[in-house]
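Visitor: Chain A is already provided as a structure; the job is to place chains B and C on it using the hints.
Protein chains in written order, with this note's numbering: chain A, 2 to 325; chain B, 38 to 323; chain C, 3 to 334.
Derived from the structure by calculation, the hints contain no laboratory data. All values derive from a computational prediction rather than experimental measurement. Mixed in with the good hints, there may be bad ones.
[As the list claims (entries may be wrong)] Taking lysine-lysine and the DSSO-like style, the derived pairs with C-alpha atoms no more than 27 Å apart in a straight line are:
| hint | chain 1 | residue 1 | chain 2 | residue 2 |
| --- | --- | --- | --- | --- |
| 1 | B | Lys-151 | B | Lys-222 |
| 2 | B | Lys-212 | B | Lys-151 |
| 3 | B | Lys-212 | B | Lys-222 |
| 4 | B | Lys-43 | C | Lys-203 |
| 5 | C | Lys-176 | C | Lys-203 |
| 6 | B | Lys-185 | A | Lys-8 |
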Amino acid sequence: MAIYALKRISQGLVLIWLMSLVAFIAIYALGNPITALVNPNSPAEVIERVTRELGLDLPFHDQYLRFISNLLHGDFGQSYITSQPALGLILERFPATLELTLAAMTIAAAIGLPLGLYAGYRPRSPGGRLVGGLSMFLLSLPSFWTALALIIVFAIQARLLPTGGRGQVGLLFGVPTSLATVDGLRHVLLPAINLSVFPMALFVRLTASGVQEAMNSTFIRFARAKGLTVRRILFVYVLRNILVPVITVIGIVFGVLLAFAVVTETIFSWPGSGWLIIDSIRSSDRPVVIAYLMFTVTIFIVVNFTVDIVCALLDPRISLAGGK
Amino acid sequence: MAAYLKRFLARPVAAFGLVVLALLVLAAVFAPQLAYQDPYDLAKVDILSSRLAPGTPSVDGYVHWMGTDDQGRDLFSAVLYGLRVSFLVAAIATSIALVIGVVAALAASYFGGKVDATLMRLADLQLAFPSVLTALVLVALLGSGLEKVIIAITAAQWAYFARTLRSAAVVERAKEYIDAARIMKFLSLRIMFRHLLPNSIAPLTVVIVVEIASAIALEATLSFLGVGLPITEPSLGLLISNGYAYMLAQQYWLSVYPGIVLLLLLLSVNVIGERMRQLNSPWVEQ
Amino acid sequence: MKQDIVLSVEALTTEFKTERGTMRAVDAVSLQVRRGEILAIVGERGSGKSVTGYSIMGLIDRPGAIAAGRIMLNGIDLRSLSEEGMRQVRGHRIAMVFQDPMSALHPMMTVGAQMVDAVLAHRPIGRRRAREEACQALARVGIPSPQDRMGAYPHHFSGGMRQRVSIAIALLNKPEVIIADEPTTGLDVTIQAQILHEIQKLVAETGTAVIWITHDLSVVAGLADRAVVMYAGRVVEEGSIAAVIDRSAHPYTAGLLAAVPHRNRDARNLPQIPGSIGNAHAIAGCRFAPRCQFARPACESRPALDEIAPGHRAACVIAGRLTRQFAEVAYA
Chain A
2 MAIYALKRIS QGLVLIWLMS LVAFIAIYAL GNPITALVNP NSPAEVIERV TRELGLDLPF
62 HDQYLRFISN LLHGDFGQSY ITSQPALGLI LERFPATLEL TLAAMTIAAA IGLPLGLYAG
122 YRPRSPGGRL VGGLSMFLLS LPSFWTALAL IIVFAIQARL LPTGGRGQVG LLFGVPTSLA
182 TVDGLRHVLL PAINLSVFPM ALFVRLTASG VQEAMNSTFI RFARAKGLTV RRILFVYVLR
242 NILVPVITVI GIVFGVLLAF AVVTETIFSW PGSGWLIIDS IRSSDRPVVI AYLMFTVTIF
302 IVVNFTVDIV CALLDPRISL AGGK
Chain B
38 MAAYLKRFLA RPVAAFGLVV LALLVLAAVF APQLAYQDPY DLAKVDILSS RLAPGTPSVD
98 GYVHWMGTDD QGRDLFSAVL YGLRVSFLVA AIATSIALVI GVVAALAASY FGGKVDATLM
158 RLADLQLAFP SVLTALVLVA LLGSGLEKVI IAITAAQWAY FARTLRSAAV VERAKEYIDA
218 ARIMKFLSLR IMFRHLLPNS IAPLTVVIVV EIASAIALEA TLSFLGVGLP ITEPSLGLLI
278 SNGYAYMLAQ QYWLSVYPGI VLLLLLLSVN VIGERMRQLN SPWVEQ
Chain C
3 MKQDIVLSVE ALTTEFKTER GTMRAVDAVS LQVRRGEILA IVGERGSGKS VTGYSIMGLI
63 DRPGAIAAGR IMLNGIDLRS LSEEGMRQVR GHRIAMVFQD PMSALHPMMT VGAQMVDAVL
123 AHRPIGRRRA REEACQALAR VGIPSPQDRM GAYPHHFSGG MRQRVSIAIA LLNKPEVIIA
183 DEPTTGLDVT IQAQILHEIQ KLVAETGTAV IWITHDLSVV AGLADRAVVM YAGRVVEEGS
243 IAAVIDRSAH PYTAGLLAAV PHRNRDARNL PQIPGSIGNA HAIAGCRFAP RCQFARPACE
303 SRPALDEIAP GHRAACVIAG RLTRQFAEVA YA
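Chain A on its own, in the form it takes in the complex:
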């Protein structure tokens, strides 16, 4: 187990290092590196001072070392707009994004997985076909489109839910979150639903095809030959078989949601890190963009790593210590 974990950790670190290279090149090689870090409208002596401070007159590899050491201290530079530390800005808004993502994942899994099981087991029933068609339909739509549709229907026409913003924050198990208040839940509902559309459709398709594949497999045939009931076959044999791919997908989707949250947050004015990134892109606030990139990559890697470990624990075939 330890060897496997170490292997994955080291792979992850390599990836993060690669990302840092990309980020470094992005700031220092693309365009004028000065303007990437300092507001180009500052007076000349400010620019000169900052240039020396940031060591931009040093040769490249020295700059890179500085860059790395800054990163390790959590210093991604400062936002032009607010002059606050870039990483700090992101961390401040990340909890809101996390809330939204968790809510969306829950909805997607709670609805998508059972529907997918059903559609996979009875693909030709009217219900199965409907689920299949609907999931394909939903997967085609860009998330901004579904967001608009949701807002039109629920917020504007029916006036049931607010059109945007985050609700009141309360305490849930000692953690401050807007999911703890009714007002918070009202606000999070539409964006969470919107964010859940893509993963839900994905879950449905995945579970359905996983179930179908399993049903055609030899060991399911054998289970049927043993005379097991359909319930037992479906919920124990088939489920266990698709567990690993499903969990893998959950991990990947979690990472995807962090990115798709960008669109949803923008439309619903949800104060998360995704909205921050769009603003930063629009105003060319590079330090924040770079910080977001590094941050997101690290999250991806951590999540994927966790998923790998969980899968290894679940599947007895994956040998962890390397020996029987």
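Guide: Only chains B and C this time, still in chain A's reference frame:
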């Protein structure tokens, strides 16, 4: 080819999708003829006729059957031209991504070993990131504008093509006729493009169609967020974005009509892609 | 002494609907198995032997379906049972052993759990007793320290052991018939011999009827009592094992036997049946005719399965007039 088409059309949904797509393509191609006015031509646009409801006649008697947008442009014309832009951007980006992906996949499968490992590791890295994020980051670093958007979409897509083709090509590579070609000292390039490629291209055709839809959606998303195409090249995404502010004022048509057209476009392409995928898997009962 | 017929398949026809038309994988096949008897179904790939086995078990899924025939298990027509009724028969009165135990056993469940499942699906005797029975079954098929092995996963067993586990599962509920679909294909010859021996022992002890599906006639030569030879979905010959092997009446059977490396043979080239099964399923007449040395105009109509000697039948116009040596020469 005719037999394939026949099987394709056996499903009514797929046939419908094909018809809708054909209509949309025709509309885009003949936009200058079909549109009432060229939305880029600022001379013809009258700010006074802005935000007219659908069905309102304009000063010269033309009935704006989709209404007008906030600049006074006939929405129908804007949508037609927007369709053009969507198709163009998606086609160009997908084509470039296809070329890159094909070259990478052929090289990886033909040369194997380190080449394969490196290229595929790169592709996997790319695939690990959702396309929206990749595109956003690239646009953030490069700036917005037509070429940058195309680069961004291309970067998000090439890996998918590369991976798909590589899987099929690797299987073909192991077959004897490739060995025979090598023994006969055919040039590697020739083997790759005239032997390996045609025999492994089948699964790629489905992916191409799906990725076109993906490119359209991606461009629309970027434009909607204001980081895609500039205002001078109105794409459907931009139209929707512009119209969003007026939604609360019950002037829904500004966003809804382009939205519906976008929906039809994406759905038809995806339906076609799905049908192609079904046809490619003969062991699944139709 | 006339022994009881346990399972009787009458004119079974199973079809698969594909985009290119309907294929009859099993075409009016009839066979019977008696108590304590081992019946071999022999045929190459495409002969319909496995489909026959699955049809008996009721495990034919779309796009296939049983189109005609009766499957009588001790007087009950299995086709008349509901899905639930058939489920109760499967694994209880008829059990099946699959070809590849690695893919037949669920990789993520312990062997013990899978065996207990098989028991509890039919007899609610409680988990503890089920585990005991499972343990005993493992011991009976010759698996050492069965108690420990119950908690092991399938990939911890060797191929031969896994197959023994499959056989143990089949025996758990004391079925009347066991259908074994190529159970020793792919295993070492020595392991094969052991398993064949186990089966014979078990049949003698319990009186279970066994249908042994294989493509290898030599495997069943020492094992089976009777044999049914299938080609392209039809029965071409059936009889006692001695009759089918020593007095083969159908050119196909003769060809199969001629191709078996004989211990006492001089080193000569191994004769082969020319050609392949090809599109045989589409032929209305004798389906073996395209590959048959003795084909003649009469073969254009489907030959009837005639009795050429008591208990020995063949579907060929020249049935009974074929000698083994003649076949060897013809196919050499």
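Visitor: Going back to the hint list, which numbers does this structure go against?
Guide: Numbers 4 and 6, in rising order.
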